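4 protein chains.
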Amino acid sequence: MISIGVLGGSGYTGKKLLQFCTKHPHVKEITIYGNTTAGKTIADVFPELDSIVKNSVIKSVDNISLEHDLYFAALPHGQALNYVPNLISAGKKVIDLGGDYRLDDPLVYQEWYKIEHTSPELLSEKIYGLADFSKVNYSTHNLIANPGCFPTATLLPLLPVVKYFNQDILSISTIAYSGTSGAGKSPKSNMLMSEMYGNARAYNVNNHRHQPEIKQELAKAGLNKPFSFTTHLLPVAVGIYATTSVHLEKPISMEGIKNAFAKTYNNAAFIRLRETPPDLTWTVGTNFCDIFYSVKEKSLIIASTIDNLVKGASGQAVQNMNKMFGWDEHTGLL
Amino acid sequence: MISIGVLGGSGYTGKKLLQFCTKHPHVKEITIYGNTTAGKTIADVFPELDSIVKNSVIKSVDNISLEHDLYFAALPHGQALNYVPNLISAGKKVIDLGGDYRLDDPLVYQEWYKIEHTSPELLSEKIYGLADFSKVNYSTHNLIANPGCFPTATLLPLLPVVKYFNQDILSISTIAYSGTSGAGKSPKSNMLMSEMYGNARAYNVNNHRHQPEIKQELAKAGLNKPFSFTTHLLPVAVGIYATTSVHLEKPISMEGIKNAFAKTYNNAAFIRLRETPPDLTWTVGTNFCDIFYSVKEKSLIIASTIDNLVKGASGQAVQNMNKMFGWDEHTGLL
Amino acid sequence: MISIGVLGGSGYTGKKLLQFCTKHPHVKEITIYGNTTAGKTIADVFPELDSIVKNSVIKSVDNISLEHDLYFAALPHGQALNYVPNLISAGKKVIDLGGDYRLDDPLVYQEWYKIEHTSPELLSEKIYGLADFSKVNYSTHNLIANPGCFPTATLLPLLPVVKYFNQDILSISTIAYSGTSGAGKSPKSNMLMSEMYGNARAYNVNNHRHQPEIKQELAKAGLNKPFSFTTHLLPVAVGIYATTSVHLEKPISMEGIKNAFAKTYNNAAFIRLRETPPDLTWTVGTNFCDIFYSVKEKSLIIASTIDNLVKGASGQAVQNMNKMFGWDEHTGLL
Amino acid sequence: MISIGVLGGSGYTGKKLLQFCTKHPHVKEITIYGNTTAGKTIADVFPELDSIVKNSVIKSVDNISLEHDLYFAALPHGQALNYVPNLISAGKKVIDLGGDYRLDDPLVYQEWYKIEHTSPELLSEKIYGLADFSKVNYSTHNLIANPGCFPTATLLPLLPVVKYFNQDILSISTIAYSGTSGAGKSPKSNMLMSEMYGNARAYNVNNHRHQPEIKQELAKAGLNKPFSFTTHLLPVAVGIYATTSVHLEKPISMEGIKNAFAKTYNNAAFIRLRETPPDLTWTVGTNFCDIFYSVKEKSLIIASTIDNLVKGASGQAVQNMNKMFGWDEHTGLL
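Top line first, the protein sequences correspond to chains E, G, P and B.
Per this note's numbering, residue 1 is the first one in the first sequence, and the count goes up by one each step.
Per this note's numbering, residue 1 is the first one in the second sequence, and the count goes up by one each step.
Per this note's numbering, residue 1 is the first one in the third sequence, and the count goes up by one each step.
Per this note's numbering, residue 1 is the first one in the fourth sequence, and the count goes up by one each step.
Each hint can be trusted.
Since the list gives no way to pick out one identical chain from another, each pair is judged satisfied if it fits inside one copy or across any two copies.
Derived pair list, reagent style DSS-like, types lysine-lysine, alpha-carbon separation capped at 25 angstroms:
| # | residue 1 | residue 2 |
| --- | --- | --- |
| 1 | 298 | 258 |
| 2 | 114 | 296 |
| 3 | 59 | 28 |
| 4 | 298 | 250 |
Since the hints were made in silico from the structure, they are not lab data.
This structure is a prediction, so every number in the text was calculated from the model and none was measured.
Construct the complete structure from the given sequences, taking the supplied hints into account.
What follows is the structure, given as structure tokens:
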């Protein structure tokens with residue numbers, strides 16, 4: 001039984017973390033450290049968790065206790081830099097749900113996040129926690145960078161293809177749609193129900209922070225072909241639908257791709273390979289990534305779906321916790 | 001002032017046709033010819049048009065009068081083959097909103113629609129009515145094949161790029177999402193509100209009938225590079241969002257693309273070039289196609305939006321009627 | 001042909017006013033006077049109106065020209081008090097879409113709006129512009145208080161019942177649901193897509209400003225029985241569904257109610273009496289109010305629907321303009 | 001550890017039952033008996049439950065094994081009459097989620113369901129399983145009629161008011177909205193996404209089968225005042241929002257109502273009393289009923305929310321199972 005501290009945690013990912021950790025058989029307590037919410041109770045911030053999650057007062061991030069075994073950081077980018085180095089120095093385990101430790105190169109971080117990285121030494125120590133794909137030994141690392149939501153939805157289906165068929169690829173284009181909860185809870189006119197109802201919208205075209213993160217991991221798998229990545233808002237609250245069009249230099253058989261997926265995800269805890277294109281709702285509320293692929297001549301199309309707040313954030317973070325502590329990956333997640 | 005007959009017309013496109021034609025200053029009357037709806041009134045089928053559209057009894061398609069000047073066919077595929085040849089023989093003008101006359105090659109039609117084409121001679125006579133793009137002289141043709149909804153959303157932004165930059169293109173991938181009205185009004189479990197709410201779903205992957213239609217028109221513009229096209233259901237009733245990722249062999253400047261669009265759509269009635277990615281809702285209820293493009297190094301991303309029932313069907317049909325009769329293209333559409 | 005000034009007009013009602021007035025055959029020009037939007041163009045504020053509405057620069061409300069024939073005020077409550085008296089003094093016609101001139105009693109206004117009324121003399125001069133119901137001679141009045149959205153949806157079906165059957169009524173309860181556009185465009189966390197998607201919420205229970213407005217008009221029709229009114233947010237952008245449960249002291253026949261509606265709305269321009277409960281979408285985008293009623297023993301249930309931005313605001317305002325200037329009520333609205 | 005049989009179970013309530021029972025610590029196995037789905041697997045019918053619920057073949061309702069300890073019936077009305085009597089005769093426990101055993105009077109059943117009741121003797125034996133309210137000793141009964149979704153949402157907040165304040169009530173009107181999943185999974189045109197998106201619709205006005213069920217239970221609590229009940233479709237998949245307007249003969253204090261609720265629900269497992277009107281989403285996915293009330297002079301307004309498939313069906317059924325077997329009511333439901 002472990003004790004958990006959550007830095008941030010008053011947003012949508014924090015809520016999911018609370019829900020999963022409350023049900024988790026190896027978590028004995030969870031403490032939230034907030035900024036603007038310090039002093040409020042959990043029930044003030046999340047009335048829907050009344051009688052579900054143990055109510056308690058949110059403490060201030062200015063006074064983080066070192067008594068916890070594991071810390072989740074669910075903070076706006078840049079802020080984890082203020083807390084994570086101390087926690088790691090104190091020998092604590094940390095899972096960062098934000099973007100501060102995902103990129104390996106501090107200069108790339110600075111280019112995309114417009115902030116100088118103040119603990120670059122941790123970038124090489126961390127694990128990039130794409131839980132179903134990573135073969136790294138978690139027990140020897142204290143810092144996990146939890147992948148972004150779009151990278152999770154994009155990389156899980158694409159890495160096996162790149163790993164086994166890079167030489168056959170002409171180009172790759174991923175077009176992804178996310179529910180609005182990905183944009184967080186702070187009020188903006190263009191995210192109002194009145195604006196988004198019946199709507200859809202591309203954004204950060206050719207300029208999304210998740211693009212260098214995806215490219216970094218695809219490059220590690222051997223990719224040296226053109227890749228583009230475009231994000232959209234889907235007029236729902238939750239879920240990511242990612243569609244990847246791979247143009248091939250020469251045809252690959254369905255059998256070949258099937259084998260690549262089988263070899264990669266044979267023992268993966270939360271990958272479901274599908275024989276029809278998945279409904280987005282099949283993964284909503286779950287930690288699964290559903291994957292479908294179709295090849296016709298030199299066109300390979302892959303569709304993948306996740307819950308952006310679960311598999312794309314808190315669920316994968318709990319899966320990473322399970323891996324860190326040597327528990328079954330499914331614990332607390334089914 | 002002309003008289004109009006609508007074959008079919010009890011579906012979503014028929015409703016829109018009724019609305020546009022009722023407001024159109026050069027249309028004096030409109031008669032619906034239906035199958036299962038023959039004998040019902042328009043208000044029975046469309047209670048929402050009560051007091052807006054002149055109510056009248058729907059006649060049977062088995063007794064189509066030849067007294068109309070123009071016929072719109074809004075029928076399930078295959079059925080227009082039964083009526084259009086006679087109307088054309090009788091010297092009538094016809095705009096077919098279905099797929100029966102869009103493809104130039106009867107064998108391609110048979111491959112994708114699983115029906116033998118019984119009036120192949122009309123395929124070469126017809127105009128492919130992509131209204132804002134086509135430079136054909138409409139006055140000398142009696143048959144217009146109104147483009148499909150996805151082809152309209154895909155071709156309008158892509159044709160100028162292909163026309164001017166084919167040699168610089170490595171590959172093209174279009175990923176399009178459509179509101180559920182594109183699937184029509186007949187009841188299916190997987191199209192229920194309970195199933196589609198909060199949902200999204202790829203369908204007909206590597207196998208959509210609009211793909212050969214798009215390829216046919218891109219080929220006419222000179223395309224000889226790989227093209228893929230993937231369709232999805234968007235969890236809304238109306239609208240298409242099409243995103244096209246063009247990988248380039250070498251960079252093109254924004255200026256260059258801007259010029260290509262300017263040259264192509266200088267006098268286009270319903271093209272709006274946008275400097276930010278468009279909201280889907282901006283075009284819903286209108287006959288516009290909004291287009292945005294962004295180039296970064298060798299990645300060109302294009303976003304385009306239309307109302308699938310207006311620009312993607314009945315609105316473009318009315319625009320085609322305007323062109324056929326030499327009226328201002330905007331007539332009845334603003 | 002008249003010239004129109006719109007005070008405010010950068011919100012959802014302003015957008016609708018622009019659309020209706022642009023198409024209106026008797027309006028030659030329309031000028032927007034804004035606060036925070038002064039200096040911007042209409043296309044800046046409403047990109048969706050590009051190429052539909054004539055683009056022009058929004059002027060400042062601090063310099064309202066007196067050259068217009070009619071002024072629409074579409075301002076937050078309290079602000080019309082600053083402009084309307086001067087315009088009326090200058091002999092201008094004014095239609096106020098806000099709440100400042102709807103109540104007859106300045107003390108009731110102060111109680112509910114927490115503002116002292118500074119032009120109480122205009123309250124008795126104004127017409128309460130419930131356009132389909134009012135029999136007042138509009139030509140002799142210069143100020144119209146355009147009814148609130150909920151009062152329009154509630155009063156149109158209820159006034160005939162009260163007028164003809166007050167003595168048979170035991171109690172009345174109206175429960176109304178509105179799309180989120182009724183709450184305006186300013187960003188609030190609890191109105192985000194992420195919060196409202198799949199949601200619904202009662203608000204201002206026993207405490208909504210539209211309640212005294214409705215009661216005032218019901219009292220004029222003779223009501224002296226208990227009335228309650230409760231508002232909710234519907235998880236859509238547009239539309240009001242109002243359901244009224246009338247408990248009766250003794251049964252009334254369907255025939256009797258039918259006659260009451262017939263006598264009241266025989267020549268009404270935008271009332272549609274329905275024989276089945278209406279779909280909300282039937283009125284969305286239109287100026288109609290659809291009404292359905294059912295009596296069983298001593299229970300009378302009435303369902304009514306409107307578009308809150310059209311019939312509940314700008315459409316009814318245009319209908320009121322038509323009545324003021326003696327034009328057909330439908331002008332510019334079909 | 002018990003074994004469970006589910007009759008029916010291929011609809012939305014069956015899916016929820018599967019999910020709850022799979023996680024339930026005292027349920028060792030669950031077998032589905034279907035009609036049209038017999039021979040299919042659970043994963044065929046519910047792809048979203050793949051890897052979550054143990055897959056197995058659906059058996060035929062024509063061969064129901066008597067080896068289970070408890071049977072849930074989740075069948076269209078009328079069909080439970082064919083199976084329940086035999087199961088009860090065999091000494092089995094049964095929870096019927098349909099309407100066949102909810103009404104006490106077989107003639108009232110026949111009037112509303114248009115079917116003759118063939119096991120009227122069971123109507124008086126059964127418990128009406130409004131789990132949080134009922135004080136009956138469950139251990140001595142083998143048949144539970146699980147309440148309807150609307151009755152659950154309506155009765156839980158209203159029974160305490162009727163029980164303690166019947167003499168002060170003038171009239172009661174409940175207006176309830178339900179997500180479309182309440183209408184089941186069989187395809188109907190008017191339940192398509194294209195029809196229901198952005199829509200709302202009253203239905204079965206003055207004629208809903210849940211009305212006699214509600215009246216029966218209110219009468220048992222002492223009600224002898226006018227009550228009306230009107231249902232609507234809410235444009236979402238899941239959830240019920242019920243608003244009840246109680247007109248009072250004389251004012252009641254908030255304190256008085258608070259006491260009535262406290263006395264009634266002091267130890268209730270799944271009632272959450274709220275100080276602000278609840279968001280519908282707070283209860284979606286949970287077995288809670290959230291209740292808010294407001295009194296002003298002689299108007300008492302009550303808002304209550306439930307998940308129609310959980311508290312309104314399968315969750316309450318599991319709660320009833322817990323009560324039947326003497327387990328903590330929360331077991332498997334948090």
